[in-house]
Amino acid sequence: MNRPASTSPIQVLLIDADPPLYDTISAVLHASGEAFNLTPLNQLGELEQALEHADADCLLCAQHPNLSIASEDSGPAGLMLLQRVRRHPGSLPVIMLCCAEELVGFAAQAMWQGAADCLCDEALLRLPAAIRIAVQYHATMASYQAPDNELQLALAVLRGSRDGICVTDAAGNILLVNDTFTQMSGYTLAEVKGHNPRILKSGQQDPEYYLAMWQAIVENGCWQGEIINRHKDGSTYTEWLRISSVLDEAGQPSHYVGQFGYVAEQKRLVDRINQLTQFDPLTGLPNRSLFLDRMEQSLVASRRSGRCSAAILVNLDRFRLINDTLSQATGDRVLVDMARRFAKQIRQGDTVARLSGNEFCFLLSNLNAAEDAILLAQRLQDVIARPLEHDNHPLIVTASIGISVAPRDGEDGETLLKAADAALIRAKLEGGNCVSFYSPSMDADARRRQAIEAQLRGALARNELSVVYQAQNNLDSGNIIGTEALLRWHNAELGMVSPGEFIPVAEETGLIIPIGSWVMRQACAQNKEWLDQGLGRMRVAVNLSTRQFRGDTLVDEVAAVLAETGLPAELLELEVTESALINNIDAAVATCRKLKALGVKLSLDDFGTGYSSLAYVARFPFDKLKIDQGFVSDITHNPANAAIATAAIAIAHGLNLSVLAEGVETEAQAIFLRNRRCDAMQGYLFSRPAAPDAIAQLLAQKARLHLGATATAASKQTLLIVDDEPAILNAMHRLFRHENYNIITAQNGNDAFELLARTPAQVIISDQRMAGMTGTEFFTRVRQLYPDSLRIILSGYTELEAVMDAVNHGAVYKFLTKPWEDDQLREQVREAFRIAGRQGDSGAES
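Residue numbers (my numbering): 1 to 846.
Since the hints were made in silico from the structure, they are not lab data. Treat the hints with care, since some could be wrong.
Claimed, not checked - BS3-like, lysine-lysine: derived pairs with alpha carbons at most 27 Å apart: (1) Lys528 to Lys702; (2) Lys232 to Lys344; (3) Lys232 to Lys193; (4) Lys596 to Lys702; (5) Lys428 to Lys528; (6) Lys232 to Lys201; (7) Lys428 to Lys418; (8) Lys594 to Lys716; (9) Lys596 to Lys528.
Stated by the list, open to error - Label pairs and their in silico Cβ distance ranges: (10) Glu226 to Asp634: 55 to 65 Å; (11) Glu801 to Arg677: 53 to 63 Å; (12) Asp556 to Arg288: 51 to 61 Å; (13) Ala694 to Asp822: 48 to 58 Å.
Glycine is no exception: its CB is placed at the ideal position from the N, C-alpha and C atoms.
The whole structure should be built from the sequences, with the hints applied where relevant.
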C-alpha cells in the first residue's frame, strides 16, 4: 500500500499472540500522540488475507512468533515469516522484534533478508518513529517503479512527511529533498541538488564514525543512529538518521535514501511514555509497576547493608461511599489531597505510590529496626484525620493501614506486598481506622507504643518520673568528678518502662519539652543540695533533647532554673547530641554561645555516631567531648573502634576539650582508655545509675576508681603466650620459666586482648589453629592496636599460605613450625626482646 499524505491512522499488524507484548506495544504507540491502529494476528491465514487485500501499512514480527510455520529451513521462525512476506506480491515493510541478548546476530540476518528495521525489547520506545520511517521509505522506493500518477502521489508523501528525507544517486549526489529537510537544515533543494550530504557535517564526529556507518550500509544495506549535523546558519542539531540503499536489477546500489528526525522528539516521546507507564495520571504518584521496581532495588540495598525495609499499605475506609453520595469528582479530589499529604511524610529515598483506586503504599528503605515503621504509620493516621473541605463542610476520612517488614516478612517485592495486604485485611476486619502488622510481635509493639504515649501524657502530674545519677570518674586519680542525671519512669499499668522505649515517644509527641525542663530543675536542685552538704563541688550533666535545644526559650529557661535553685552556673553541664546541631549550624552556634555566656558548661554527646564534622565541632564552644559507648564496648579488641576513639581523644585535646568515655564496664577498657590519655569515664565498672542518697554515700566515703599500674610502670620483659590447649600453655611456661620474663597466658584471642589492655607485652607467641579466631586474624588486630609488639606464630604446614600472607603484610614478625625445637624457640624469643628493647630505646631518645 502506497500511503498518500493524509491524517488517516497507520495500519500496523502484529504477528504475535503474546498479550504482554501486545499491551506494551499498544502503550508505546498510544503515548507517541500519533495515529496508529494496531491489529494482532494469531493465524497465518489472517496474514495472507491482509496481504491479499493490501489493507495494512506495516508488519511487526517477533523473533519467535506464536505461530506454527511448516518449513524445511532452519533458523528463527520470524525470519521464515519475513521471507514469506517478502515473496508475496503485496509485500509491505516488516519490522522485526527480538530480545536484547540476540540483537546483534539476529539483526544482521533480518536486515540482510529485507527487514525494514530490527528492534530489541529495550528499544521499543523507538517503535513509532521506526514504523513511520519504514512506511514512508516503502512509499519512496515504490515511487521509482511506479507509473507517473503513482510517482506524483509518492512525491506528495515525501513533501508532507514529518521527517526529513534526502535521496541521492549511487555517487552520493543529492537528487531530491523534502520541505522538512529544508526546515531542519536551512538548505533548499536548489542549494543542495548535485552536492554531497557531507555539506551538513558538523565535524563533531570522528572519521571512524562515518567509516563504520558506510561499512554497515555496504554489508547490511542500511544504517541508523544518532548524528550531529550543522545548520546552514552554522548552528548544530542532533538527529536520528536512517540511510538505506536502493538496489538495481543487478543487485548494485542505484540510490541512497536518508530519513531523519530531531532526537528531541524521541526524548519527548520517552518522557511521555514514562509518564504513562510509570506514574498515576490522577495523583502524579508512582504506579504499581514503578513502585515494585523501586521496592526490588530497596530490598537489594537492604540485603547488602543488613538493614530493614518496610511496605505500608494505606486503604481509605468507606471510600466508595464518597464516590456514590458526593460524586466521583469529589472522590478524585480526596485522592489528590491525600497524595499531597502523603508525599510530605516520606524521607528522601523513600517512595509513596498509588497502587489502585483508594489504595496507597509507602516504601521505607534503610531502616535501623523494624519498629521504625510504627512512627510513620502513626503520623499517617494523624494527617489522614485532618478534615477536608467539601461545600463549606468538613469531610472526615479515616484509613486502615497494613505493614510488613523485610526480611522478616518476605525478601522480594511481591511477597512483601502480600504480607502487607494480609495485615491490611486484618485492620479492616477490626473495624478500620487502625494499624495492623503482618508480624504479631510488631502488632504488640505498636499497641505498647500507643499505651506508652497515652500513659506518658499524665506521668508528670502523677509523679511517676524520677531522676537517678551515674558517677563520672577521672581516669588518673579515680576520683568522682561529676554525675549525669538520667530519667526513669515507673507506671502503675506498664511497670518500669525503659528510657529506650519512652524517650523516642516523648521526642515524637513533644512531651520531651516539659519533661526535659523538669529533669533540669531536679538535677540542679539535687546538685545544690550535695554542695550545701559539703560533699564537694562537682558538675551535674543534663541531656538536652533536640526539641529542647531548638526551642526559642531554652536560654531563658536555663537562667531561670539556675536562679531558682541557686546552683552556680559552672556546676551545670548541658549535653547536646550531634543531631540537634546539624540542621541549622549558625543558629545552633548562637544558642551555644548564649548558654556559655550564662556560665554553664557544654559537652558534645555521643560523638562519632552522627555527622562528626570537625569543621562544625571547632565552631562550637564545647568544654567536653563524650565518646559513645558503642566504640567503648569492644575497644580492647576492635582495631577500628580503637582507632576512632584514639583519634577522637587526640582531636578533642587539640581543640582544648576534655574527653569522657561512656559505657566503661571492664578494667581493661578503662586502662586502655587511660593509656590513650582519655580524661574521664562513666559506666558500670564504678557504679550503675543510683538514687541521690546512694550517690551522696559514695561522695561522703570519698569512693574512687582503682585501676592497675600504668603502662609505663612495667619493668619486666612481658611475654604473652596464646594457645587454646592448656597442655601447650603449660609446656611453654616451663620452657621460659628460667628466662626472667613476666609470662602471661590466654586460651583465645579475646582473653588475650583483655590482658594486653592491662599489661602490654613486648613479645607475643600465638598458635595459628584456634577456635573462634585464628592466629593470623589475632595478629592482624594486634598489629593495629599494638604496633610495637613482636609477633611470633606457631603453625603447621597446612596453614602455610595464610601465615605467609600475614608475614608479607607485616602482621607476623616470624613463624615457627610445630612441633618446635626448644632451643630454637628460646633463641627466637630472646632475639625478639632484644629488637623490642632497641625499638624502645630509639623511641625514648627521639
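**Prompt:** Where does the structure disagree with the numbered hints, that is, which hint numbers, in rising order?
**Reply:** 2, 4, 5, 8, 11
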